[in-house]
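Listed here are the chains, written in short residue letters.
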Amino acid sequence: MKDRTLVLIAIVTLVLALIPLGITSNVVLNFLAFAMIITLAAQGWNVLGGFGGQFSFGHAAFFGIGAYGMALLQVRFGVNSWLAMPLAIALGGAVGFAVGFLSFRARLRGSYFALVTLAFAEVFRISANAWGFTGGAAGVLVPLKLDSANMQFADKRMAYWLALAMVAVVLLITHHLTASRFGAQLVAIRENEDAARALGVDTLVVKLKAITLSGAITAAAGCLYTQKFLYLDATIAFGPWISVEALLAPIIGGIGTVFGPLLGAILLLGLGEVTKTLFANLFGGAWPGADLVVYGVLLIVCVAFAPRGVLGVIQRIRTAAT
Amino acid sequence: MLKFDIFLSALANGLMTGAVYALIALGLTLVYGVLHIINFAHGAMLTAAMFAVFVCHAWFKIDPYLAVFILTPLFFGLGYIIQRFVIMKASHGDDSNILLVTLGLSIITENGLLMIFKSDTRSIDVPYGFSVIEVGNLFLSTPKVIAFLVAFVVAGLLGLLLAKTDTGKAIRAVAKERTGAALSGINVDHIYAVTFGLGAACLAIAACLLMPTFLVNPRVGQAFVLVAFTIVVLGGMGSIPGALFGGLIIGVVESLSGLYFGESLGQIGIFLIFILVLLFRPTGLFGARA
Amino acid sequence: MSALLEVKGVTKRFGGLTAVDDASLEVQSGSITGLIGPNGAGKTTLFTVIAGFEMPNTGEVVFKGESITALPTHKRAIRGIARTFQIVQPFAGLTVRENIAVGAHLRHAGRSAALAKADSIGQAVGLGPLLDRAANALTVAGRKRLELARALATEPKLLLLDEVLAGLNPSEIRDMIPVIHQIRDNGVTILIVEHVMQAVMSLCDTVYVLAQGRIIAAGTPGEVARNEHVVEAYLGHGAAQRMRKQGETHA
Numbered sequence: 001m002k003d004r005t006l007v008l009i010a011i012v013t014l015v016l017a018l019i020p021l022g023i024t025s026n027v028v029l030n031f032l033a034f035a036m037i038i039t040l041a042a043q044g045w046n047v048l049g050g051f052g053g054q055f056s057f058g059h060a061a062f063f064g065i066g067a068y069g070m071a072l073l074q075v076r077f078g079v080n081s082w083l084a085m086p087l088a089i090a091l092g093g094a095v096g097f098a099v100g101f102l103s104f105r106a107r108l109r110g111s112y113f114a115l116v117t118l119a120f121a122e123v124f125r126i127s128a129n130a131w132g133f134t135g136g137a138a139g140v141l142v143p144l145k146l147d148s149a150n151m152q153f154a155d156k157r158m159a160y161w162l163a164l165a166m167v168a169v170v171l172l173i174t175h176h177l178t179a180s181r182f183g184a185q186l187v188a189i190r191e192n193e194d195a196a197r198a199l200g201v202d203t204l205v206v207k208l209k210a211i212t213l214s215g216a217i218t219a220a221a222g223c224l225y226t227q228k229f230l231y232l233d234a235t236i237a238f239g240p241w242i243s244v245e246a247l248l249a250p251i252i253g254g255i256g257t258v259f260g261p262l263l264g265a266i267l268l269l270g271l272g273e274v275t276k277t278l279f280a281n282l283f284g285g286a287w288p289g290a291d292l293v294v295y296g297v298l299l300i301v302c303v304a305f306a307p308r309g310v311l312g313v314i315q316r317i318r319t320a321a322t
Numbered sequence: 323m324l325k326f327d328i329f330l331s332a333l334a335n336g337l338m339t340g341a342v343y344a345l346i347a348l349g350l351t352l353v354y355g356v357l358h359i360i361n362f363a364h365g366a367m368l369t370a371a372m373f374a375v376f377v378c379h380a381w382f383k384i385d386p387y388l389a390v391f392i393l394t395p396l397f398f399g400l401g402y403i404i405q406r407f408v409i410m411k412a413s414h415g416d417d418s419n420i421l422l423v424t425l426g427l428s429i430i431t432e433n434g435l436l437m438i439f440k441s442d443t444r445s446i447d448v449p450y451g452f453s454v455i456e457v458g459n460l461f462l463s464t465p466k467v468i469a470f471l472v473a474f475v476v477a478g479l480l481g482l483l484l485a486k487t488d489t490g491k492a493i494r495a496v497a498k499e500r501t502g503a504a505l506s507g508i509n510v511d512h513i514y515a516v517t518f519g520l521g522a523a524c525l526a527i528a529a530c531l532l533m534p535t536f537l538v539n540p541r542v543g544q545a546f547v548l549v550a551f552t553i554v555v556l557g558g559m560g561s562i563p564g565a566l567f568g569g570l571i572i573g574v575v576e577s578l579s580g581l582y583f584g585e586s587l588g589q590i591g592i593f594l595i596f597i598l599v600l601l602f603r604p605t606g607l608f609g610a611r612a
Numbered sequence: 613m614s615a616l617l618e619v620k621g622v623t624k625r626f627g628g629l630t631a632v633d634d635a636s637l638e639v640q641s642g643s644i645t646g647l648i649g650p651n652g653a654g655k656t657t658l659f660t661v662i663a664g665f666e667m668p669n670t671g672e673v674v675f676k677g678e679s680i681t682a683l684p685t686h687k688r689a690i691r692g693i694a695r696t697f698q699i700v701q702p703f704a705g706l707t708v709r710e711n712i713a714v715g716a717h718l719r720h721a722g723r724s725a726a727l728a729k730a731d732s733i734g735q736a737v738g739l740g741p742l743l744d745r746a747a748n749a750l751t752v753a754g755r756k757r758l759e760l761a762r763a764l765a766t767e768p769k770l771l772l773l774d775e776v777l778a779g780l781n782p783s784e785i786r787d788m789i790p791v792i793h794q795i796r797d798n799g800v801t802i803l804i805v806e807h808v809m810q811a812v813m814s815l816c817d818t819v820y821v822l823a824q825g826r827i828i829a830a831g832t833p834g835e836v837a838r839n840e841h842v843v844e845a846y847l848g849h850g851a852a853q854r855m856r857k858q859g860e861t862h863a
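Chains as they are written, first to last, in our numbering: chain A, 1 to 322; chain B, 323 to 612; chain C, 613 to 863.
The hints are simulated quantities; they were obtained by calculation from the structure and are not laboratory data. All figures in this text were calculated on a predicted structure; none of them were measured in a lab. Note that CB positions come from ideal geometry on N, CA and C, so glycine has one too. Heads up, some of the hints might be wrong.
Claimed, not checked - Chain C is nowhere near these chain A residues, computed Cβ spacing over 10 Å in every case:
1) 158
2) 190
3) 231
4) 322
To be verified - Footprint (simulated), chain B over chain A, 3 or more residues, beta carbon under 8 Å:
5) 51 to 61
6) 108 to 115
7) 122 to 128
8) 238 to 252
9) 282 to 290
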């Protein structure tokens, strides 16, 4: 059972790694690279929301910290990208810990926790928009210096492979989580917090570990975003779009599973592209928001009919078949 | 002297905006008090209501203050249907599902409006838009004064409805003890939907009061909804007087901190209040319920 | 025998209501001690204070000679106190084995060790064939056993049972009683809050009776059953006298 998941991780990673060798289309490559970024953000959300049952509506807070951390460390402090990334990821973890410490100690759960995370993301967004250090409303630009020493690759495939490698690492971490004491305790908290406490689970510590890990993983997505687009502003980094995608991908793919966020991110973005193209072809012009409407519908449909996402549906079909 | 006048006018403006905030928060707190859910679609529903006012005026030449009589029942009905046939059905009654479904509704509404109206900011042009009432040294915007008064009347009516009518009593019964209410023959699903409808109706009224002086774009609700959340949390989830006082307080805080620290930092002030109250007094300043 | 658990003068108030009023009791090491009383007597409140889910207003809870009054629940579990819930609280989405393993993880960091422990405990309480079932697919009796199994998996010194027999039918109760005896025989001290009198009589070495928040009697089940205060607490004022009179006329 354990080994099967490991083998699956290896196969999935390998297949994803081989795609750009066969298909050289820039569109496909950009799509995949972006899907990896969303996967990371979503996998971060999944650790806390999927396994721990603590639904955050403001994971943009951690994404943005990673993105801005990555950008500002390079631009303002001249830190090399390869060093900036682990630092920014650590920063994301630290902010996760801080948000968690404040909220969980105050015993916020359910809607209250969702609200407070949303508020944190908004505070960060408004602050980043107003503060000179973060570039204010103009945002921050990372100078283009194509060199792998700067984590800016002339060969776009390298950037994708880097993102994929990080996704693979996070898949391994998540897999390890499912087979560890920490993971079991986290799931126990999701299912019934009082019962978990009675069984000796220090719920505060477990939740804090989870949100720290969650913040760090989602911050990694932000780092990659910065290196891919070399530009940030407050709405990109801390805006609701990323909070929504980080939450949707696991829910659509399969909440609280190892592969759910990856599957969900690819499906979600794919569907978004299809919707945009479809609307443009049918009605002409750009239809901003069309993809998001589909996301919203998908969210409700998933909650209503597929509470465990696509993976849950697949499992149901397989059990029905046997 | 001049400084004091500016302060007074900021204070008055804050109170007047705060009354509309209170009205928005009223819908939110009512729904929370009865259904024990936070309606994340509240902001998007407000945006939809504001666009409805815009459409009424721009396409059908209906004055916002007349539109209130069309839009209030319309939004009540919409709210009723959404709660009874979407939220209830899709969430299977599970709390975190409800959270997600209302989030989904908010995404759909907001981006649906974005598709239809694009991201342009729109406003309506009414003859009284810039008229003022003179009180002492103060010049108060007439639409804002109207909004202030109407908000209180609506809050009063809502209070009366809850206190005196059979439906109101049923709503309070469900809020207190759902199972007991169901056992005594109250149709809980119906009452939930009525409550949700009332929340939506409050938004329609608020939109009609706002539009003569405010702009609308598909994202405008976001700004309002976090303010409304702050008010509700500050006033105590489910408390109607709490929403009123909370609304006024937040209106004044926003107006004064905007005056002294600039607009964007004024906003941060609200969020900080929000986070602090959530963290240190999640029952609110007026609320008693845990 | 020495006292494993001592409750000293515990008072717990909710607003104006005094749910537990200066209650004291001792649980001897190796015993099965019962806590009984009519509805609303404060049993559950006292129980939650002992388990650490509520803090008392005054008084002390002493475990193995050390005060644990201020200790949070999970730390009590580490010291060796486990509890079950009257209204069962399974981890609904997990299998029976995974449920028990959460308890086992308290003393076993490794996943396989915890799962192995879960298996053996599951077998011991009679859940062997159901280990792979989802917890929410169990019957009420099954869930009660699961409560027991999870608590046991933490390898407690003291097991607090909150009405594990309530809601079971007579044959299910008969099946459960030997399980509880077995747990004690394996060296676990038990404090049991119970409604089902027949069970208390056959299980407990010592019984405390709580009425209106106060401990009104203590002793062996037989002694307590003959105690006039207890009879009055259960059957109302004057009941003991009436019964005595009835007894005399019958004799």
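Inset, instruction - Run the structure past the numbered hints and jot down the numbers of the failing ones, going up. - result: Violated hint: only 2; rest satisfied.
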